[in-house]
Amino acid sequence: MNLFSKIKMVQIKKDKQALISLALNLTLLLLTLYPFLSPKKANATVTESFVRFDRHATGAAISGTACLKSTLTTQTNVVLVFPLDWTISSTASNWTVTTTNLPTDPVGGGAATAWPGIGTATSVTGVNVQFPGTALAAGTFYCFNFTGASSTIGAAGNDKVGQLKTQGGSPYTDSVNWATSVVASGADQITISASVSATMTFSLSGTTIALSTLNTSTVVSGAAITQTVSTNARNGWTSWIKGTQGTSTIGALNSTAASADISAPAAYPTVSDANATPGYVIDVNTGTGSPTVATAYNGTDTNSGGASTTLFRQTATKTTPGAGDTIDIVARAKISSTQAAATDYTDTLTVVAAGSF
114 MNLFSKIKMV
124 QIKKDKQALI
134 SLALNLTLLL
144 LTLYPFLSPK
154 KANATVTESF
164 VRFDRHATGA
174 AISGTACLKS
184 TLTTQTNVVL
194 VFPLDWTISS
204 TASNWTVTTT
214 NLPTDPVGGG
224 AATAWPGIGT
234 ATSVTGVNVQ
244 FPGTALAAGT
254 FYCFNFTGAS
264 STIGAAGNDK
274 VGQLKTQGGS
284 PYTDSVNWAT
294 SVVASGADQI
304 TISASVSATM
314 TFSLSGTTIA
324 LSTLNTSTVV
334 SGAAITQTVS
344 TNARNGWTSW
354 IKGTQGTSTI
364 GALNSTAASA
374 DISAPAAYPT
384 VSDANATPGY
394 VIDVNTGTGS
404 PTVATAYNGT
414 DTNSGGASTT
424 LFRQTATKTT
434 PGAGDTIDIV
444 ARAKISSTQA
454 AATDYTDTLT
464 VVAAGSF
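Just so you know, the numbering used here puts 222 at position 109 of the sequence shown, and the rest follows in order with no gaps.
Calculated from the structure, these hints are not laboratory results. From a predicted model like this one, the values you see are computed outputs, not experimental measurements. Be a bit skeptical, because a hint or two may be false.
[To be verified] Quick list of the computed label-pair ranges, beta carbon to beta carbon:
1) Gln302 x Gly270: 10 to 20 Å
2) Thr213 x Gln302: 19 to 29 Å
3) Ser310 x Ser372: 44 to 54 Å
4) Ala323 x Ser449: 18 to 28 Å
5) Thr339 x Ala224: 26 to 36 Å
6) Ser469 x Phe163: 23 to 33 Å
7) Ala336 x Thr369: 47 to 57 Å
8) Asn328 x Ser372: 15 to 25 Å
9) Thr321 x Ser372: 21 to 31 Å
The C-beta atom is built at its ideal place from N, Cα and C for all residues, glycine as well.
Start from the sequences, fold in the hints, and give me the full structure.
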């Protein structure tokens, strides 16, 4: 190798070293200047933020609540960025907001503050929906509810990501990444089922009414027997009575010894005045719970009542569930001067009730 060739090789090595040195210096310079050359962003600090959707199910309509607590106060517009596979309406007016029934701050406690200036979206770009807003107070927990008409949640899967951004800085004051999970249709709901057993209680305060010795001058009334019904039947309850003496239209007190009857003054369902026309009647009076007494047994005074018969006849009813509803059943009688004497006049009333479930 001649001298010229040697000199040329030395020069090439020096040039190569110089290029390497220059590249290293340029790299160091760029690293130093990068913070000043890159787009400047506001130094925001978000202390709390979440985007909660009203449903996790695929295909469900998009609605939910967005919340933020920041240390900066220069926010203007709000931007919600949804997952790329969700169906997002491009019509801004389809994206509406409310500020009622906001959640409680899960970190600091206390009710959320309505996001100031929030309103119907002003623009939609792809999956980015922009809402108007005004400056926030530092350290205040703000929320708003959003609904997107003609917008639906995408396919099932985890880690469906999006962003909540506020404008006011360059390019954003706050920018928070969020993630949600999408499940199969209906897999975000719990169906609660229960049953309530039908109930009913029935009782009579006594099982005998002694009218003692009847006379021709006054109507004798026995001590009232109180019927009590309790039931959770949604349509309430009805009660009936049936006698053992007389006919299907006119009941009676019967004496086997005298082979005689003290019959009702008039056939069912007429209410009779036993003082004006002697005979045997049954009177029913409403009590606790205000059941409605059947017209046929709704006597107008202490002398009147209706005919017991050998068929079940309705005495009272109530159209709602009852707790301790009562009616009083009173037997009354007066005789004529020709009524056969005997000590065994009797009738047996069967009293029943049923709930209308």
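Okay, the hints, checked on the actual structure:
1. Distance hint check: the CB atoms of Gln302 and Gly270 are about 18 Å apart, consistent with the given range 10 to 20 Å.
2. Between Thr213 and Gln302 the beta carbons are some 23 Å apart, a value that agrees with the proposed interval 19 to 29 Å.
3. Ser310 and Ser372 have their C-beta atoms about 51 Å apart, which keeps the hinted 44 to 54 Å range intact.
4. In this structure, Ala323 and Ser449 meet the distance hint of 18 to 28 Å, their C-beta atoms being roughly 21 Å apart.
5. Separation of Thr339 from Ala224 is about 54 Å and departs from the stated range, judged on CB atoms against 26 to 36 Å.
6. Restraint check, Ser469 to Phe163: a C-beta distance of roughly 51 Å breaks the suggested window 23 to 33 Å.
7. A C-beta distance of roughly 25 Å is found between Ala336 and Thr369, which places it outside the suggested range of 47 to 57 Å.
8. Under the hint 15 to 25 Å, the C-beta atoms of Asn328 and Ser372, about 22 Å apart, fit the expected range.
9. Between Thr321 and Ser372 the C-beta distance comes to about 24 Å, which sits within the given range of 21 to 31 Å.
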